[in-house]
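S.K.: Read off the chains here:
Protein chains: 2
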Amino acid sequence: MNYKLMLRVSGRTLLLLSAALLLPLLVSLYYKESPLPFVYAILVVSAIGLPLSFLVRPEKQFFAQEGFVLAGGIWLLFCLFGALPFYFSGFFENYINCFFEIASAFTTTGASVLTDVEVLPRGILFWRSFSSWMGGMGVLVFTLAFLPAMGGRTHNLLRAEATGPVASKLVPKTAQSSKILYMIYIAFTGAEVVCLRLAGMPWFDSWVHTFATVCTGGLSIKNVSIGYYNSPAIEIIITIFMILCSINFAIFFLVITRRLRDVLRSDEFWAFLIILAAATGLVFLNLTLTGSMEGQSSLDTLRHSLFQTASIMSTTGFSTVDFNLWPEFSKMVLIMLMLIGGCAGSTAGGLKVARLLLLLRCIGRDVKKIIHPRSVKVVTLEGKAVEDSTLRRVSTFFFIYVMAIFLTCLIVSLDGFSFTTTFTATLASVSNVGPGLDLVGPLSNYSAFSDLSKATLALCMIIGRLEIFPILLLLSPSSWKRS
Amino acid sequence: MNYKLMLRVSGRTLLLLSAALLLPLLVSLYYKESPLPFVYAILVVSAIGLPLSFLVRPEKQFFAQEGFVLAGGIWLLFCLFGALPFYFSGFFENYINCFFEIASAFTTTGASVLTDVEVLPRGILFWRSFSSWMGGMGVLVFTLAFLPAMGGRTHNLLRAEATGPVASKLVPKTAQSSKILYMIYIAFTGAEVVCLRLAGMPWFDSWVHTFATVCTGGLSIKNVSIGYYNSPAIEIIITIFMILCSINFAIFFLVITRRLRDVLRSDEFWAFLIILAAATGLVFLNLTLTGSMEGQSSLDTLRHSLFQTASIMSTTGFSTVDFNLWPEFSKMVLIMLMLIGGCAGSTAGGLKVARLLLLLRCIGRDVKKIIHPRSVKVVTLEGKAVEDSTLRRVSTFFFIYVMAIFLTCLIVSLDGFSFTTTFTATLASVSNVGPGLDLVGPLSNYSAFSDLSKATLALCMIIGRLEIFPILLLLSPSSWKRS
Numbered sequence: 001m002n003y004k005l006m007l008r009v010s011g012r013t014l015l016l017l018s019a020a021l022l023l024p025l026l027v028s029l030y031y032k033e034s035p036l037p038f039v040y041a042i043l044v045v046s047a048i049g050l051p052l053s054f055l056v057r058p059e060k061q062f063f064a065q066e067g068f069v070l071a072g073g074i075w076l077l078f079c080l081f082g083a084l085p086f087y088f089s090g091f092f093e094n095y096i097n098c099f100f101e102i103a104s105a106f107t108t109t110g111a112s113v114l115t116d117v118e119v120l121p122r123g124i125l126f127w128r129s130f131s132s133w134m135g136g137m138g139v140l141v142f143t144l145a146f147l148p149a150m151g152g153r154t155h156n157l158l159r160a161e162a163t164g165p166v167a168s169k170l171v172p173k174t175a176q177s178s179k180i181l182y183m184i185y186i187a188f189t190g191a192e193v194v195c196l197r198l199a200g201m202p203w204f205d206s207w208v209h210t211f212a213t214v215c216t217g218g219l220s221i222k223n224v225s226i227g228y229y230n231s232p233a234i235e236i237i238i239t240i241f242m243i244l245c246s247i248n249f250a251i252f253f254l255v256i257t258r259r260l261r262d263v264l265r266s267d268e269f270w271a272f273l274i275i276l277a278a279a280t281g282l283v284f285l286n287l288t289l290t291g292s293m294e295g296q297s298s299l300d301t302l303r304h305s306l307f308q309t310a311s312i313m314s315t316t317g318f319s320t321v322d323f324n325l326w327p328e329f330s331k332m333v334l335i336m337l338m339l340i341g342g343c344a345g346s347t348a349g350g351l352k353v354a355r356l357l358l359l360l361r362c363i364g365r366d367v368k369k370i371i372h373p374r375s376v377k378v379v380t381l382e383g384k385a386v387e388d389s390t391l392r393r394v395s396t397f398f399f400i401y402v403m404a405i406f407l408t409c410l411i412v413s414l415d416g417f418s419f420t421t422t423f424t425a426t427l428a429s430v431s432n433v434g435p436g437l438d439l440v441g442p443l444s445n446y447s448a449f450s451d452l453s454k455a456t457l458a459l460c461m462i463i464g465r466l467e468i469f470p471i472l473l474l475l476s477p478s479s480w481k482r483s
Numbered sequence: 484m485n486y487k488l489m490l491r492v493s494g495r496t497l498l499l500l501s502a503a504l505l506l507p508l509l510v511s512l513y514y515k516e517s518p519l520p521f522v523y524a525i526l527v528v529s530a531i532g533l534p535l536s537f538l539v540r541p542e543k544q545f546f547a548q549e550g551f552v553l554a555g556g557i558w559l560l561f562c563l564f565g566a567l568p569f570y571f572s573g574f575f576e577n578y579i580n581c582f583f584e585i586a587s588a589f590t591t592t593g594a595s596v597l598t599d600v601e602v603l604p605r606g607i608l609f610w611r612s613f614s615s616w617m618g619g620m621g622v623l624v625f626t627l628a629f630l631p632a633m634g635g636r637t638h639n640l641l642r643a644e645a646t647g648p649v650a651s652k653l654v655p656k657t658a659q660s661s662k663i664l665y666m667i668y669i670a671f672t673g674a675e676v677v678c679l680r681l682a683g684m685p686w687f688d689s690w691v692h693t694f695a696t697v698c699t700g701g702l703s704i705k706n707v708s709i710g711y712y713n714s715p716a717i718e719i720i721i722t723i724f725m726i727l728c729s730i731n732f733a734i735f736f737l738v739i740t741r742r743l744r745d746v747l748r749s750d751e752f753w754a755f756l757i758i759l760a761a762a763t764g765l766v767f768l769n770l771t772l773t774g775s776m777e778g779q780s781s782l783d784t785l786r787h788s789l790f791q792t793a794s795i796m797s798t799t800g801f802s803t804v805d806f807n808l809w810p811e812f813s814k815m816v817l818i819m820l821m822l823i824g825g826c827a828g829s830t831a832g833g834l835k836v837a838r839l840l841l842l843l844r845c846i847g848r849d850v851k852k853i854i855h856p857r858s859v860k861v862v863t864l865e866g867k868a869v870e871d872s873t874l875r876r877v878s879t880f881f882f883i884y885v886m887a888i889f890l891t892c893l894i895v896s897l898d899g900f901s902f903t904t905t906f907t908a909t910l911a912s913v914s915n916v917g918p919g920l921d922l923v924g925p926l927s928n929y930s931a932f933s934d935l936s937k938a939t940l941a942l943c944m945i946i947g948r949l950e951i952f953p954i955l956l957l958l959s960p961s962s963w964k965r966s
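Just so you know, the protein sequences line up as chains A and B, in that order.
Numbered according to our numbering, the first sequence spans residues 1 to 483.
Numbered according to our numbering, the second sequence spans residues 484 to 966.
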């Protein structure tokens, strides 16, 4: 393990964080609020970051293992220090609450411990949203740099292979691909701000809600989320951007380079659309047949159904209605969407549609193997064969995912809330969705949980966001041996 | 597909079923009850079974695929026709209820649709318990004959390999090993009957509860299950036999052949004991610290904790207290035990401890692979390397298991019961446990569900019992092609 490198990168991370804190500082000055929470935070963060990033001279070699461990470490550092403005603002009960809130933002989860967000100063609200926007950007690069390819795409985007030395193989490609991803991300951001403003949302609200949409985070500055605006136009705009941002960004790369035929050939893209359409249809039918949306037209019911399924499947977590009051069947559909999540290579969380496809195809392979023992059936994604090692890792990922949910439930259940609350809070944290059901429903928040549960759920968010393996490596003693 | 063979085996299965029905017929005659439900059932079953088993002359060749399909088919036949005495008895609302009850018995689940079992005639009660005892026996042979080896044990027991032609490779070994398993099973049955009788349980009750224990089924003839007897001696005896019958039966084979050192080396055995002890400890501590067992001594609390964890982990489902009223943490421990289940090669259901161990070891392998990309870490069980194909199937199994639970939840949620009810009812069905939480708690039953839910849950029990793959093959169109 290259410790000096780790320290230097940590230092640079902190400097980046203190630079990022300048933006909410300016916002708080603009709105004539106290800038002190940000000033204090910047001072603390730079005081630690500066010496680390300039004094330490690392060795040059840099392996995949360090990449994984760093990924976990950077995320933790951001959360630990990004919580400081919240802490200094005095609006949070204790540091654990601040940590939960910023972890929820950075991991683009969107869960909150605040019972009333509308009393917060604008600077703090801006930092909540902006940090989740940064988190979404981080996820894109992270996906690119550290996660194994989900399949063999024809283009290089997202083909980053985590096994093997990183320095020689990855960096040039990553830098190039990151730029494209950032550009798409920023283009979406700009487009949504303009659309929301045109639909009548105030400027400040447009910016923070755009930040919260494109990162599929879902932290709103209103207690009743998007329902506050009561505007179909706003809801439709946000629905579109939630869906766009939970699609694999490689798809947009294909669109830009005019390879539309490749887009139509993407199985993950189609599977995502089919699942979303099916879920919306089921929820719409269920709501209509049970008469749960009394006084609403069919079109309104359809809009709310689509908004909510898109919000949950994209793991954003915005709401226009209290789906806690929906019939059990619709809620079960939402729970399944929470588990599945969006596409790989997007800012969405969850298991990811690509993994679901691979796991489903593994069933076909295994059944065929029983019927024809000597058959060799290759599992494919996007038309290319997927390596056995990737399939193995996807299977292991799924197992850890489910185990992480149940083990977390065990800790959270100590608080004594209903199984529905405990289970959906955990699922919504690991999948980076945000709201769950019952006590953590869309109009509610995570404030009722104990500090232990909050800290555990915050870690779950990070584990889910980093897709588990970096955290396992961070915890594995053999990662920390000097080789 | 060898259709003629399938028909002949189906016929023989039905004849075996009608022979088995003679026993409850005798019981009903002995207690001077109406024997008609059994007479009618025997007539119907033989009328279909006789011509099939004597008129059809099959080809001799017989492959693994047919074995799997047959396994699924036999189980379904037993349930479809074994439900007849219930139907003719008039104590059940409709045929779906009868099908649910017998599926629950045969699959050793132990869930019931009856709100009051104590009004049933003894013949019917006997058939409920005896059919679950037969189911337990069926599972043992099934495990032996059709399931892939969970690892490379040194002895031949349980090494049956499902891939490859069955006739030549398996039958002689299976027949031999089955005999040993049956002898152990019958010895346990005899021992428990005697113990329960000595502890003061009436003869009839001793027999039916023994049947329900050794198969880890858990169908009681009392509405409040074992709590009815209010006898620590009876509870301890049943606890011991529940634990014994959820241990891999190969362990007893080792004990008989005095290879105790091999017993001590079995990782599944140890893992099972450790999980059970840890769960009991956690539940005991939780109950004690929350004061949930007021008026009970520590020893009583410990006894109830052990009884309940053993009952759930062994997937029996007996109860001495209403654990529905326990604190959330204890209930969460029970939910996790439902998921895990007992050892492979026992009558217990669930995921199985051996699979859990393999899945956990896959994590270690995958993490090591990231740190040392060129490392080849072999996953072992019981000291022997496990083949990649087995690991793949275990991973796929886990995925289907979880998916089956969520898809079933989707159907059951149409009934509109709480998420806790829906989820635990489904989990308790797939894992063959029986009681869940909330509306399907230990003192409750499955009568509130719609026919659709009951039929779905009954199929879930069969899917869980047969460990999924035979059912997938039964459903796979390519199984039914003539080769």
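There's no promise every hint is true.
As the list claims (entries may be wrong) - Partial selection, computed: residues in chain A whose CB lies under 7 Å from chain B:
id, residue
1, Phe398
2, Val402
3, Ile405
4, Leu414
As the list claims (entries may be wrong) - When the alpha-carbon atoms are kept at most 16 Å apart in a straight line, the in silico EDC-like pairs for lysine to aspartate or glutamate are as follows:
id, chain 1, residue 1, chain 2, residue 2
5, B, Lys867, B, Asp745
6, A, Lys377, A, Asp388
7, B, Lys860, B, Glu870
8, B, Lys860, B, Asp871
9, A, Lys368, A, Glu382
10, A, Lys222, A, Glu387
11, B, Lys867, B, Glu777
12, B, Lys852, B, Glu865
13, A, Lys377, A, Asp366
14, B, Lys705, B, Asp849
15, A, Lys377, B, Asp871
16, A, Lys369, A, Glu382
17, A, Lys369, B, Glu870
18, B, Lys852, A, Asp366
19, A, Lys369, B, Asp871
20, B, Lys852, A, Glu387
21, B, Lys705, B, Asp871
22, B, Lys860, A, Asp388
It should be emphasised that the hints constitute simulated quantities derived from the structure, not laboratory data.
Ideal Cβ positions, reconstructed from N, Cα and C, are used throughout, including at glycine.
S.K.: Would you check whether A/Leu414 satisfies its interface hint, that is, whether its CB is within less than 7 Å of any CB in chain B?
M.R.: holds (5 Å)
S.K.: Is the Cα-Cα distance between B/Lys860 and B/Asp871 16 Å or less?
M.R.: holds (11 Å)
S.K.: Is the Cα-Cα distance between A/Lys369 and B/Asp871 16 Å or less?
M.R.: It holds: about 13 Å lies between the C-alpha atoms, which stays within 16 Å.
S.K.: Double-check A/Phe398 for me: the hint is only fine if its C-beta lies closer than 7 Å to a C-beta in chain B.
M.R.: It holds, given that the least Cβ distance between A/Phe398 and chain B is near 6 Å, below 7 Å.
S.K.: Given the hint that B/Lys705 pairs with B/Asp849, test it: the Cα-Cα distance must not exceed 16 Å.
M.R.: violated (49 Å)
S.K.: For the pair supplied as a hint, B/Lys860 and A/Asp388, is the alpha-carbon distance within the 16 Å limit?
M.R.: Judged against 16 Å, a Cα distance of about 15 Å means the pair holds.
S.K.: When the nearest CB of chain B is found for A/Ile405, is that gap smaller than 7 Å?
M.R.: violated (10 Å)
S.K.: Holds or violated: B/Lys867 with B/Glu777, Cα cutoff 16 Å?
M.R.: Distance of about 48 Å is beyond 16 Å: violated.
S.K.: Tell me if the straight-line CA distance from A/Lys377 to A/Asp366 falls inside 16 Å.
M.R.: holds (9 Å)
S.K.: Do the alpha carbons of B/Lys852 and A/Glu387 lie within 16 Å of each other, as the hint requires?
M.R.: Cα-Cα ~14 Å, so holds.
S.K.: Are A/Lys369 and A/Glu382 close enough, with their CA atoms no more than 16 Å apart?
M.R.: Status violated; Cα separation ~22 Å.
S.K.: Taken at face value, is the distance from the CA of A/Glu382 to the CA of A/Lys368 at most 16 Å?
M.R.: violated (21 Å)
In this structure, the hints that do not hold are numbers 3, 9, 10, 11, 12, 14, 16, 18, 21, in rising order.
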